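Protein chains in written order, with our numbering: chain A, 101 to 407; chain B, -14 to 296.
Since the hints were made in silico from the structure, they are not lab data. Treat each hint with caution, since some may be false.
Said to hold, decoys possible - Chain B regions said to be covered by chain A (calculated; three or more residues, Cβ under 8 Å):
# : region
1 : 129 to 138
2 : 238 to 249
3 : 267 to 278
To be verified - Chain A regions said to be covered by chain B (calculated; three or more residues, Cβ under 8 Å):
# : region
4 : 240 to 249
5 : 366 to 379
Owing to the predicted nature of the structure, the values given are computational and were not obtained by experimental measurement. Using N, Cα and C, we set each Cβ at its ideal position, and we do this for glycine too.
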Amino acid sequence: MVEKGPVEVALSPFARIKTRPTRSAWDKARQVLRQVARNKSALLGTTILLIILTAALFAPQLAPRDPNKQNLSQRLQPPSLRSLLGTDQYGRDILSRLIFGSRISLMIGVVAVFIGMILGLLTGLVSGFYGGLVDSLLMRFVDMLMVLPTLILALSILAVLGPDMSNVMIAVGISISPRFARMLRSSVLAAKESEYVEATRAMGGGDLRIMFLHILPNCLSPTIVVTSLMIANCILVEANLSFLGLGAPPPAPAWGSMISEGLRYLRSAPWVSTFSGFAIMLAVLGFNLLGDGLRDLLDPRLRTEDG
Amino acid sequence: MNAIRSVSLAIPTLIGVVTIVFFIMRVIPGDPILAMYGGEAANQVVIQKLRESMGLNRPLAIQYFDYLRKAVSGDLGISLRTNQPVAAEILEVFPHTLALGLGGIFIAVIVGVPLGVLASVYRGSKFDYLSMLVALVGVSMPIFWTGILLMIVFAVTLQWLPLMGAGEAGAADFVIHLILPALALGLAGAGWIARITRSSMLDVLYQDYIRTARAKGVSEWSVTFRHAFKNALPPIVTIIGVLLARLLGGAIVTEIIFARPGLGKLLVDAILQRDYPQVQATVTFFAVIVILVNVLVDISYTLLNPRVRDG
Chain A
101 MVEKGPVEVA LSPFARIKTR PTRSAWDKAR QVLRQVARNK SALLGTTILL IILTAALFAP
161 QLAPRDPNKQ NLSQRLQPPS LRSLLGTDQY GRDILSRLIF GSRISLMIGV VAVFIGMILG
221 LLTGLVSGFY GGLVDSLLMR FVDMLMVLPT LILALSILAV LGPDMSNVMI AVGISISPRF
281 ARMLRSSVLA AKESEYVEAT RAMGGGDLRI MFLHILPNCL SPTIVVTSLM IANCILVEAN
341 LSFLGLGAPP PAPAWGSMIS EGLRYLRSAP WVSTFSGFAI MLAVLGFNLL GDGLRDLLDP
401 RLRTEDG
Chain B
-14 MNAIRSVSLA IPTLIGVVTI VFFIMRVIPG DPILAMYGGE AANQVVIQKL RESMGLNRPL
46 AIQYFDYLRK AVSGDLGISL RTNQPVAAEI LEVFPHTLAL GLGGIFIAVI VGVPLGVLAS
106 VYRGSKFDYL SMLVALVGVS MPIFWTGILL MIVFAVTLQW LPLMGAGEAG AADFVIHLIL
166 PALALGLAGA GWIARITRSS MLDVLYQDYI RTARAKGVSE WSVTFRHAFK NALPPIVTII
226 GVLLARLLGG AIVTEIIFAR PGLGKLLVDA ILQRDYPQVQ ATVTFFAVIV ILVNVLVDIS
286 YTLLNPRVRD G
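Bound conformation, chain B alone (with noise of 0.2 Å):
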């Protein structure tokens, strides 16, 4: 049932998103075409021929819906600098921005959980005070310097693992691409995932059933791990699905820093070259993509938690 009251909230939210999105790139003076072709210099009949063709000469509320109908069938418009489907596009880079998020999800929850469970148990301690200030500076740390100091040493310096690229030849060099930017992109997650792992802990390890627990003589371990853990799952798994979206932001630099291919980098581009309906479709496929999230975070949320599953 949860799942199906998930979904039903977030379409109206999706539909919302894309809406604004649609509106802010509305908001260019003049309109996208002037904009992208700097005005004066270009030729009027061809500015006129492209207003035309793609609707913009049409009024405000009309283009919209249009766009709205579209887009529930994929098609996001044309690009204007590759005249290709701007869809197209996205699907085709965004497998490498998918193998990147899951890579530093990975990666931030390998370092951050452990850090976070080794800190709630040796609270106070040097150990505690220490990893929590590790976490912190790694929250602090930009994800693009993060990542031009792993490539100094790894790449440059010890030449473990190429510079550069998303890899060309097999499974195996794209994992070998991977690391690196999933490592820069993890280890900030990590730090997020070691203070919120640490607190959730710390509000577990003080209820009466665990203490009920140690009174029962069950190893410290158990204790740790089967009763505590477990049971602080749930607050992690939401940071964890809040940190894929914040991942994605940092995905944008990362693929920019480490040269591969991605929405990020797709983004940028066209940003930078004012291709507008490139803009507001990958601007709409990161909405989508984090309201997928939150919608899974909702139920695995569920699925963890027996008291909101049978309630």
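The shape of chain A in the complex, shown without the other chains (with noise of 0.2 Å):
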């Protein structure tokens, strides 16, 4: 919030609203964890999150051995008492090597969201705000760069950059940018012709005032579904560009360079590839989950259509 004078915050007509947002989020906030509560998928998806989250924060504590810790006489062993989940063709503890590898999937994850959504939004919002020429321009080429499927955008991102885990959150967050972009643009457009845009700009609002701190905030909402299911995309095509061999550089716990490293060894040692598999998936999971559940509680067309 921009501190006002006393004769800005009497002459505007939306000066009270303008005091109360703190509390009107708060409430609204408490009303989205109520619903939240309530819906099956969103419930389901929040809870497989938190045990990815705790798992991947407590990773030292929780890990019953260190991830990178070769034994090769305990190479291949299948799962036991021992070392619950087998161990790889390094003999180290498959279990362990997932639990750190939930670090590296989520914050590759939520880096390229991030990188993505602030790439996205300023387009969107610079597109959607000007309109006329620079929305044209930007928004073919933001249609151009939407024909690439995603892992084959970042992967010719990946070839010029070269393959290492910033470059990754680089690649997938540039790849995922359009799609932000197009949303905010298309929220922008309705919320530009709006009434508290019209005020603020009798009142000398500059464009920049208007666009970061009127219009931003009020198109945010369907950011938020957005970006968790985007994340899930994220976790996937990082997945998949570790599995490649194009994303964190071994000994990495990458969920997706353990798959490949099993591959070989599929039929004596099935485990060490389909552990790390379900891992991904459920991640994913939960991140799907909780941005359809999210999406019919934001949406109230959605709401009622669809129960």
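Hints in hand, dock the two standalone chains.
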């Protein structure tokens, strides 16, 4: 919030509303939380994500062993009481690697979405707000980026940047940004005609101020849903990239690369590949369920139609 | 008319994508030849010769227009690894990717559409919840993991189907080798199709003309398929188009797991060995296919929807 002089506050017909958002935002958040608890998919999604988040945060405490410690005498051991999910080709404990791997997946998913969101929201905001030639040019560019499947776009960017964990985040982030841009643009188009924008302009508010302090906060609610679904998408794309050997370099316990390492032992030790695939599926499912649930909650149109 | 419009819109998009891909490839620090040969160790004379023969010593704008001009006539450059024209390599493996993509779509449709229709008809029932959860699980499964599970069950344990490769001897062998990869690819797509089919059917099932049909005494089967499903089709066709693009991405990893030749394997090998003309051409080719599919979807959309067709 920007500080206003007393005259401005008195003149603004929306002054009263402006003094209240902290409380109503809190009320709204509590209301959403209550609804999340009642929405089956949101609840299931949140539960799954809390489990994975706990694993990521307390990995050193939870993991039974060092994820990178090799023990060749114990290689390719099937699941047993000693190592619950078995060991891989270097005798490393798969459960410990899965637990530490959750850090990589979550971090890449969240950071990539953050990068994509910033790029996409800026593009969408500028495009929707200024309209005209700026809008046509930016949106043509966005459409062209959207032609390529996310994985292929990310692959071509990685081909240039070189395989490395931070490059994966950048590549995946750029690849998903068009979706945020498209979404925000349509919300901005509606919001910029509204009365509060007119009022701010009448009070002498500049373009930047209107865009960032007034339009953007009012267009963020659909972003929440898309963000959750996009994190799911990013985790999946990252898993694909590390499966292809273009993700976090070894010996990092990235889930995708664990699967490709296990591929050679599919006949003798199928557990090496299968458990990490399950972990990926669970993480992606968690974010998808949460996104689905939030969409039901935040989009009243869908709620009435779709029960 | 609509067909002409979508084709004329597709051409600038195509040129734009080709341009984006061209410039992405040129951001490589130094230049592609150095990147490929790792710099200092390589013979400077050889590098200079290669650079000249590929035209990399000319200004970027000239290289770009030259690339566009040649691309129109089907010349997409020479592979740095094999010294063969990249277009020839793409065309050689494309049938494998096409077969895989179509197989995947086929499975996605025959599994996804009935699941979505049934879920919408029995809306709110246990079957509805369960099938939609299964669909979401399908959407959330990494394709390469689905592939591995299928391999473990059908190729390693039951030994019904071959583990890897694309088959050599005749059409039957080709189809047998296609089943598992197409299933892996198709099951993920089935989840998307089921979800879209369900919501598209629900939009239609509560319309007045459905109530009228029921009131007239039309059988439930006929209401579902002749009245509702026909009207629910356009969004489903659209998603099938979108899906084909998605599945092309998925085909990359599927081809790697099942050790099948194809565009995906070509692209990944080219990236790992920094064969930039091959990367550039393969990505461009992917874009052409996606744009082509979009045009086809546009046209079929018109055919399916009389309001668009006649209006």
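How the hints compare with the structure:
no., hint, in the structure
1, 129 to 138, "holds (count 6)"
2, 238 to 249, "holds (count 3)"
3, 267 to 278, "holds (count 5)"
4, 240 to 249, "holds (count 8)"
5, 366 to 379, "holds (count 7)"
The earlier numbered hints are all upheld by this structure, with none contradicted.
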